[in-house]
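Chains as they are written, first to last, in our numbering: chain A, -12 to 459; chain B, -12 to 459; chain C, -12 to 459.
No lab work stands behind these hints: they were computed from the structure.
A hint or two may mislead.
Any copy will do: because identical chains look the same in the list, a pair fits if it lies in one copy or spans two.
[Claimed, not checked] Calculated cross-link-like contacts (lysine to aspartate or glutamate; reagent style DMTMM-like; alpha-carbon spacing at most 25 Å):
no.	residue 1	residue 2
1	LYS(-8)	GLU436
2	LYS(-8)	ASP5
3	LYS228	GLU203
4	LYS(-8)	GLU115
5	LYS228	GLU209
6	LYS228	ASP185
7	LYS(-8)	ASP430
8	LYS228	GLU173
9	LYS228	ASP403
10	LYS(-8)	GLU106
11	LYS(-8)	GLU116
12	LYS228	ASP337
13	LYS228	GLU29
14	LYS228	GLU151
15	LYS228	ASP197
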Amino acid sequence: MADLKEGRYIESSAVGVDLYQGVAELPIVSPHGHIDARLLAEPAARLDPPGRLFVTTDHYVVRMLHSQGVPLERAGLLSRDADGRDVDDRVVDDHAVWQLLADNAHLFALTPTGLWLRETLATVFGIEEPLGPHTAEAIYVRVEEQLSTPAFAPWALLDRFQVECLSTTDAAGSSLAAHRALAVSEPGFRIRPTFRPDAVVALDAVDWRDALSGLETAADHEVGDYASFLVALAERRAAFKTLGATATDHAAMSADTTRLTHHDASALFAAALTGAVSDADARRFEAHMLNEFARMSMDDGLVMQLHVGALRDHNRPLAARFGRDIGADIPVATDWTRGLRPLLEACGSDPGFALILFTLDESAYSRELAPLAGHYPAVLLGCPWWFHDSPAGIDRFLDRVTETVGLYNLAGFVDDARAVTALPARHDLWRRRTCGWLARKVDAGLLAEEDAHQLAWELAYGLVRRAYRLDS
Amino acid sequence: MADLKEGRYIESSAVGVDLYQGVAELPIVSPHGHIDARLLAEPAARLDPPGRLFVTTDHYVVRMLHSQGVPLERAGLLSRDADGRDVDDRVVDDHAVWQLLADNAHLFALTPTGLWLRETLATVFGIEEPLGPHTAEAIYVRVEEQLSTPAFAPWALLDRFQVECLSTTDAAGSSLAAHRALAVSEPGFRIRPTFRPDAVVALDAVDWRDALSGLETAADHEVGDYASFLVALAERRAAFKTLGATATDHAAMSADTTRLTHHDASALFAAALTGAVSDADARRFEAHMLNEFARMSMDDGLVMQLHVGALRDHNRPLAARFGRDIGADIPVATDWTRGLRPLLEACGSDPGFALILFTLDESAYSRELAPLAGHYPAVLLGCPWWFHDSPAGIDRFLDRVTETVGLYNLAGFVDDARAVTALPARHDLWRRRTCGWLARKVDAGLLAEEDAHQLAWELAYGLVRRAYRLDS
Amino acid sequence: MADLKEGRYIESSAVGVDLYQGVAELPIVSPHGHIDARLLAEPAARLDPPGRLFVTTDHYVVRMLHSQGVPLERAGLLSRDADGRDVDDRVVDDHAVWQLLADNAHLFALTPTGLWLRETLATVFGIEEPLGPHTAEAIYVRVEEQLSTPAFAPWALLDRFQVECLSTTDAAGSSLAAHRALAVSEPGFRIRPTFRPDAVVALDAVDWRDALSGLETAADHEVGDYASFLVALAERRAAFKTLGATATDHAAMSADTTRLTHHDASALFAAALTGAVSDADARRFEAHMLNEFARMSMDDGLVMQLHVGALRDHNRPLAARFGRDIGADIPVATDWTRGLRPLLEACGSDPGFALILFTLDESAYSRELAPLAGHYPAVLLGCPWWFHDSPAGIDRFLDRVTETVGLYNLAGFVDDARAVTALPARHDLWRRRTCGWLARKVDAGLLAEEDAHQLAWELAYGLVRRAYRLDS
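Throw the hints in and build the complete structure from the sequences for me.
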């Protein structure tokens, strides 16, 4: 793949390339991802060196290497003790981590990870030479050199990539210091926080009390019971909004949203404060809180994102040694229809409420998600998530949902990126695939070509701005 | 999409167009749908005006509009009081309802609803101009003019569309007055009733007693217990057969067919008559009755259609205001394998019994439905249903089932239509898509071209006549 | 389909044919199937006559005929009495069985069964004339003549088909007499046994005690309790290894692998020895034993194959008359993520352990199986199994798993064949389809053409040899 052909990934007639050319240069709108706000708030910040940037901090890469028997230490991860503290004081050899990637580059053939890597090296760093065992060191040097220049400072890259707006994901207890600084240095909320309260809701998590303390501190409000917990959450939501937030984000293994009585919710919360709660009770509380957060969103207008279906830390022995987000989360089937019913009956028809759904269970696309979004005014469908954000995954999503919901019940594209350098490749792939998909519908007589141009624009730009209320 | 190209929706080489030309003019066989028999029995009957015909009575259209925040009242629906009576004495402005559709026509891009609408306007009404905000009124006038002419009387349309036979769907307690009239005026059972007993089986439904009274009246047989209930059902089945019925139809959320003892079934029925039954008991009775209806079909030869997987009235607050069939039914996953086992072990190998299965859970196509139909002599697979009766849905169905069951275990196509005007577009889309799909198999070397012509005929005409025993 | 075109089934540009030509002549590696070792150990052995070979012993053919109402007796099956003994002393007319297939050849259009039959007749027997009612007898004579020649002796066919190695599947209690003979006559383990202990693990099966006796005899070790059961199993695994085995095989309806305490496992085993165990307890014991077999594999290095998801003998009345493997096994949904967790947390990161997963639930490909194989070093994905080993099934598998796991976490192809004559068609179809699939990725710009050649070789030959440790 020495040269990247212009029509790559589009898989259609000339119509597809034509559609793509109409959207290729649109600004990037990125309302959901995991880039650290401090990188953007601090002018002197620089990205990690190549090995850490492309391997250690990328769970897609780490999991593939691990699946082929590579110990996580070699990918630069540090093991921890029982209290979660790093006990590995080894200095990671970043060149060796990069060489590991290069030596295993063949594993990534036909994966989006391999595609993003090639695209990023080519379009961000100008390196079209294939990465392999023998080219690794030369490419390392070229990447590392560029990363150390001001042109590759995070903020400079945002400008170069035409990032119009970008949202980070922030714990409910985050001080939002970086966002406060950004609000001063860059008025207009080009960078926005997103309110993610998962950690304060997981009553049985080992770090729940720490998370709760963080919430108390950030809200400057003591949390002694369920009622004060709700007050603190509302305070933080208001603070997030003040700094430009338009959305919240919630992750859960199940789609259950059964509401508890205030009395039962209070009792569960009290039990967690004074002792331990069972797994079942913790899950009931989480389900209840999803319902409660929907009500808060009806009040304050924050768009609610819901990511369902990951069984986190499937490999507990490995999690005990290396912590979370190391590529060992495994999806399970999701019952969206029964799970969301309590939430949707209560809030789903409210014109002020918006709920964006992300799934790891593709079988639910046509069976449950499209029918739900095709009925409830509040529901929009998020783009293919995680394992499914891929060339064929995008086709499957569009094929399975649009015949029931059309395109105007979709929420456009979010990149879910952890690295600034990953942004262009992800948005460009979405644009190429959606244009190719639309072109095939034109060729089949299912769509007028002039309408296809409008829909390509919506998929690349219009839908996501409306869904995340970025114009309001 | 100003002009409709001849090869539209076929998506294949010239072989596909050639196959399509061989079946395009075949008569329409429509053994399952929801057209009101009275429209056909009454020579003076006329179809609804445009807004009511294309919007208010079409739950696909209503749900899409609602999903984008349009209140159901604007789509012409009338709200009801707690007793289910219309309380909205507003006179619906049919022009406004039509304008609403036109203003939102862009929502239906890439949906079968949009495709059917365009095809129907073009091929039934001769209107190729795209429907939009500015063309709405002119198109309304042209459609409305035609609808009021004798050439657009329901029966005249059946002739024009070459509808060879058409079955309605009728409650077990229906008097079948219209069918009796038709049997006199049009001998030969071109129009047949279908026995649908769901309402008398749902012991916990609010209108169960009304439905039961209807059954008693129609059967002229008092229903005081389970035994007399079975007698009344058998009487109605016989009456339906006398008027040309060849099939029954059953809808359930679950595929469970566990049989109760006669004693337990009698006790549940008695409990329902004298008081309330729990949700769980009502579901057990429904499962039992599916099993019992299969036994009745073994006796009387009526083909049993089974539609599984819709959680009806997901949005109960809306159902309380507007009633059923407003686009708020949402599918759930279905366990066909375990669910149907009791029924199939009892009846599935009987040469006189036929069971046609319809699913809303596409993941079951290859996993459960094709293996079941590929073993049990009684089982045939119905075509893609509801959300899945669409261009890509038809491909998915054929791709996932035929490799296991071939084509001769399929039941052909049913349109499930609620409007006479909808018939041509639905059958034509099925014919185009199946021919395109067959042509791609020919091009891949998987099918001989001469065999493809035979299979195209079977898919368009032969299979459905045999499956529904229309020749007997 | 009078002539078989060279590029058949490839469905791609010239690149696909080019890729195929590079792998078409590679030796066949067949590490999983159901060919009887005695056919290979006995020089005078001959294959069954045509009707028995192509119909009676092929459950794909039997099930299709049965689904269309053909009594199993006509397909050559013999009914049994309550003790499982054949009571049908009828002499089967093999010509009539073959004629039955020919009369129903149209049923197999678009099925892999039809494709394999046509390919086998053409490429193994030189018969390109279509099989049908009028050609049946002439083709019978030609097939039967060839089958009786030494050139069609099983061993001769292995040479002609370039079968490099082939594994049989053998009960834990098998004496392995044929394999011992083969080890003498054909050193080098071209034919290997596979250890399949399902029958001795199913505590509630009617033939469990017979299977257990077989194990005792083969192991020459009395099994009086759970501890001695484990010893006997370990002995047999060692004996299998001595005769060239590199793998075990396990089938289960559920993926559950929950471990019991030694005490609980012992108690269940003792209960089974002295009386009956419940269905639930039998399933708990099976789950436990999957976990235990994984531990044994960690010790002895035998690759563990796991086939999950078939509800066996769905049609019990028919099983009572004709026994197992008559085409009445029906898949159910599988929860791989939760089910395998106990096994994988215990063994999944062990570098000496390998686990190859086969599913009947395609919805799990992208949701669970690819993420599992893309994390755990031990896990590899087996090729599409049973109903899914088909042209479109192969595409679905590759499309859904490779974007998450790449190709190097796949275990290549196994044919699962029951007849020696079936081998070439199955491997050839896999090679054609994988090459066509790779070529489409090349055309889409997702894969470099030179890399595609390497991956085609891996899919046809390299992966399976490594996965099954055939080089060690």
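Non-conforming hints, listed in increasing numerical order | none
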